[in-house]
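Trainee: Could you put together the complete structure from these sequences and hints?
Chains as they are written, first to last, in my numbering: chain G, 1 to 101; chain E, 1 to 383; chain X, 1 to 556.
For the record, the hints were derived by calculation from the structure and aren't laboratory data. Among these hints, one or two may not hold up.
Derived lysine-lysine pairs resembling BS3-like cross-links, with alpha carbons at most 30 Å apart [said to hold, decoys possible]:
no.: 1; chain 1: X; residue 1: Lys37; chain 2: E; residue 2: Lys198
no.: 2; chain 1: G; residue 1: Lys96; chain 2: X; residue 2: Lys37
no.: 3; chain 1: X; residue 1: Lys475; chain 2: G; residue 2: Lys96
no.: 4; chain 1: X; residue 1: Lys167; chain 2: G; residue 2: Lys25
no.: 5; chain 1: G; residue 1: Lys68; chain 2: X; residue 2: Lys246
no.: 6; chain 1: X; residue 1: Lys97; chain 2: E; residue 2: Lys287
no.: 7; chain 1: G; residue 1: Lys76; chain 2: X; residue 2: Lys80
no.: 8; chain 1: X; residue 1: Lys248; chain 2: E; residue 2: Lys287
no.: 9; chain 1: X; residue 1: Lys248; chain 2: G; residue 2: Lys96
no.: 10; chain 1: X; residue 1: Lys167; chain 2: G; residue 2: Lys96
no.: 11; chain 1: E; residue 1: Lys287; chain 2: X; residue 2: Lys165
no.: 12; chain 1: X; residue 1: Lys475; chain 2: G; residue 2: Lys76
no.: 13; chain 1: E; residue 1: Lys86; chain 2: X; residue 2: Lys37
no.: 14; chain 1: X; residue 1: Lys167; chain 2: E; residue 2: Lys287
If you want the building blocks of each chain, they are given just below.
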Amino acid sequence: MTQISEPQTITANDLLTGEVVYLTKHGVWAHQHSDAVTFDHPDRAALCLEQVSSRDIAVVGPYLARAKIDHHQAVKPVHFRDAIRATGPSNRFIGKQASPA
Amino acid sequence: MSFENPRLPLSAQITALNKRFQNTDTSEMLRHIMADPHFERLALVSSFGADSVVLLDMVAKIDRTLPVLFIDTEMLFHQTLAYQQKLAADLGLQDLRRISPSRETVLERDFENLLHRSDTNACCTLRKTEPLARALAGFKGWISGRKRYQGDARATIQLFEADTEQRIKINPLAHWSRDDLARYIATHNLPRHPLVAKGFKSIGCAPCTTPSGTVSDERAGRWEGQGKTECGIHFDLQSAAPAIVTDAGFADEDWTGGFHGFGALPTLGAENNPALAVDLEGGFIVKNLLPWIAQIDLIRVDFPVFSDGRGFSLARQLRLLGFVGRLRAKGHILADQYAMARRSGFDEVEIDAALARRQPEPIWQARANWQARDYQNRLRQGA
Amino acid sequence: MYNYTTFDKDFVATRAAQFRDQVQRRIEGSLTEDEFKPLRLMNGLYLLLHAYMLRVAIPYGTLNSRQMEALADIADRWDKGYAHFSTRQNIQFHWPKLPDVPDILAALAVDNMHAIQTSGACIRAVTADHFAGAAADELADPRPTAELVRQWSTDHPEFAFLPRKFKVAVTGSTQDRAVTKFHDIGLRLVQNKTGMPGYEVLVGGGFGRTPMIGQVLRGFLHQADLLPYLEAILQVYNQIGRRDNKYKARIKITLHEHGLEDIRQRVEENFALQRARFDGADQIILARIESDFTPPAFKTASTSCFGNHLAQNPAFNAFTKTNLHPHKNPDYAIVTVSLKAHGATPGDASSAQMRALADIAKHWSHDELRVSHEQNIVLPHVHKGDLPKVYKALQATGLATANIGLISDLIACPGMDYCDLATARSTNVAQRIALRFDALKQEHAIGPLKIKISGCINACGHHHAGHIGILGLEKAGAESYQITLGGDGSQTAAIGKPTGKGFSTDEIVPAIERLIKAYLAVRHDASEAFLTTFRRLGPAPFKAALYPLKDTHNEL
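Mentor: Structure representation (structure tokens):
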């Protein structure tokens, strides 16, 4: 399997609340980006995405998101859209940023 | 108070337990067992399948905090997952534990999710047996919903059985019949698994479960047709007959004359023409049909996908141009679109068996009152 | 205002119950997300970036005070205490939970409201001039027609699964405040030579990836022919509109590809068939609707305290210069309440502000409120003698910003802060522009100017119609803002033209500032508005200001 330098996470929205969720290494969905499991192998990421897409009815619209590991070994989103999803609206502090883990 | 002497060997305890409870009411037995300090570490294992609600309800009425282990093989029907969430909430289960194979193990041993095709037993071991064994470590006993009437392998199960050297397996429903279960569910007004309405009698993993037909061995529907190139459920659904939906509900196809494509319409004489039915696409230019329109008995308009609404306008145009025969919408049409189809001029809808299973008759009949609350009709005929 | 009949009430309540059932089937799993999505969209429910969003219809922007209070209650009970008024005269709740939505719809139904057809590939909630029934320049009230079209289009069996969404707007004034030239169908209330009432029918306008100005399909359509004619247009579109590419699916592209003549011929042919299906019942219903829209009982009272107050209170004076519009009744004024306090998110209102507005409308605007597509709230009938009290009440709730029509009265879609389609944020840019020009104390000197900001090519922020339009895109993983100039959404409609390469999030506000500086330098005098100057001089001086390093002598 090819290894890519950039890890990926699987993220979606919760069916009932609509809230942004991340797949964790335990296979459950968590609210905080820091809990997301990262995939180093694109094939495994794609396979896992296929699995959750076909069977996880508790979430809507799962997709692979680019991630990076920062200096403190923390998982961070790469794209600014994913950064906004991870925190909440930038014009109103009422999203995830208002209820930290 | 302990019913049995823990110092006795397990086999002796089991014999005593079976004897003691052989004529006890099931709820009563559960109440005793769950109150017995010897069974302090007890769990209920449930698949949240076709009849699981009975045992779950009984246990929840005694103690909602009893650990309930739900084996999610990650191959279950999405309906099962939804049903599990609903039941857990409805019954107020307070210690529901979802038991799954670890993601690493799955990636290692069933990378493509296709192990069930090549080695059913290995798949069960990976996704069911091993995770359950891990989860049961530390419990002294576990309650299972197995029943004797379910078929050969279960025909001789006892109320109490040895699971391992230290653990007892309890089958409170061992002697229950299908009617007993149905009665309990009806009496307590319990929600059924959504697939039961679709003909499933025993529900496990999606790839290995089909709706089984016979009552004598319900579990025949599980792992049916192994070794075929297509797994059971798809095979079964594709081969089944379509349903014709009218205001009266579902019916079988009654048109026996076959359908012509527009390009293959026969030349018509002045009279004595045979019964004639035509298949049209949603984007058909209706003017082209004018020479035949008075001779056609049935027009069937195709809906390749429910979001393609061209067929609704085609139906209206056919009616505007004077077509008075049978008009049928065929294809991917949702029950939620039934009123639209009827109001556009269709008489009936033809859906395949898979859709009919997913959207059973009652959902369609909920819109059989399509003439009510119709703004367009009101604007044309006053109120 | 239109009074719901038993029929309307029954319909809306039943529809809410049907949606409750659909939500239940989705949660249980018998409806897949693919199947549920169009059903939820038809009931105004989106799934956006952080949460679900429920878009509630405010038909042609008209509300009474009780309805505004009910919306405030929903914001408190099921959302986060605020709501967003959209560029489609609707209101959006950005944080509802799926299992609560049936309860919200049931609550709406109690006060004759709903979320039907605020989304999806169907005929959307009809919009109209937000000064309808009040403006001094109005020829005929567009609301009865808009209500008739609402009833006809609601749950229309043929048109719930069109190739793409379909928007209808109605105006009855020469001054087009309903942006009719940028709608799939624009209806202008007109009279023919013999004085018969009817419509001019425009077709094929729209923003989006391919902005187009609507063309006249029928110069005059008799009033009684409206519904069969609309039915003919929609039936033609439903059958020949493209379904293979969503960017080519709107009727503007159908019109463009087939040509106006071809479409006109198809529509007229179809109209001849449709006409017979209407026996006049619709006109009886229209007459009944019209009787609901008789003007309120305007009061006769002294307006002298208005004059006195103007002299005493300079802030009030400034407010009246920007936020009032002439009313049919000379003793009355139309008050536009700005939801654009400097630095605020355009279109957002807190539940407390919504209740205050309801209260003000109850006391001083004959119980009526309007939502404008420019994301402001209109008090359509305020007696001039009551204006000082209205102003004081607005001040108390932070709604007295005197900036209507000025640079900070900009409109912006929610952008990437909420929207899953967005390619960049838009409210952030709006907030910074407003704060910057407020700090410069320049906006009154700049005068009338419409800035419109969209966070993606779909153009919910109407940027193509902005005198200055800003389009947020993604470029190399970062936000990039493209500027268009010269757009106009009124009767003199024009599509703004792109100026050149985009600006980063840090560059965009200084770029706008340079643009304004250039305008101030080249305008004839303070009475020449930005758009007039732009039309006189063309883009060159503005491009030169936007891209100062580039040698623009040749273009000049």
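Trainee: Evaluate each hint against the coordinates.
Mentor: Here's how the hints hold up against the structure:
1. X:Lys37 to E:Lys198: holds (24 Å)
2. G:Lys96 to X:Lys37: holds (25 Å)
3. X:Lys475 to G:Lys96: holds (26 Å)
4. X:Lys167 to G:Lys25: It is violated: about 46 Å lies between the C-alpha atoms, which goes past 30 Å.
5. G:Lys68 to X:Lys246: violated (34 Å)
6. X:Lys97 to E:Lys287: violated (49 Å)
7. G:Lys76 to X:Lys80: Status holds; Cα separation ~27 Å.
8. X:Lys248 to E:Lys287: Judged against 30 Å, a Cα distance of about 26 Å means the pair holds.
9. X:Lys248 to G:Lys96: violated (37 Å)
10. X:Lys167 to G:Lys96: violated (35 Å)
11. E:Lys287 to X:Lys165: Holds - the C-alpha atoms of lysine 165 of chain X and lysine 287 of chain E are around 27 Å apart, at most 30 Å.
12. X:Lys475 to G:Lys76: With Cα atoms ~21 Å apart, lysine 475 of chain X and lysine 76 of chain G stay inside 30 Å; holds.
13. E:Lys86 to X:Lys37: Since the Cα atoms of lysine 86 of chain E and lysine 37 of chain X sit roughly 22 Å apart, the hinted pair holds (cutoff 30 Å).
14. X:Lys167 to E:Lys287: Holds - the C-alpha atoms of lysine 287 of chain E and lysine 167 of chain X are around 29 Å apart, at most 30 Å.
Of the numbered hints stated above, those contradicted by the structure are hints 4, 5, 6, 9 and 10, listed in ascending order.
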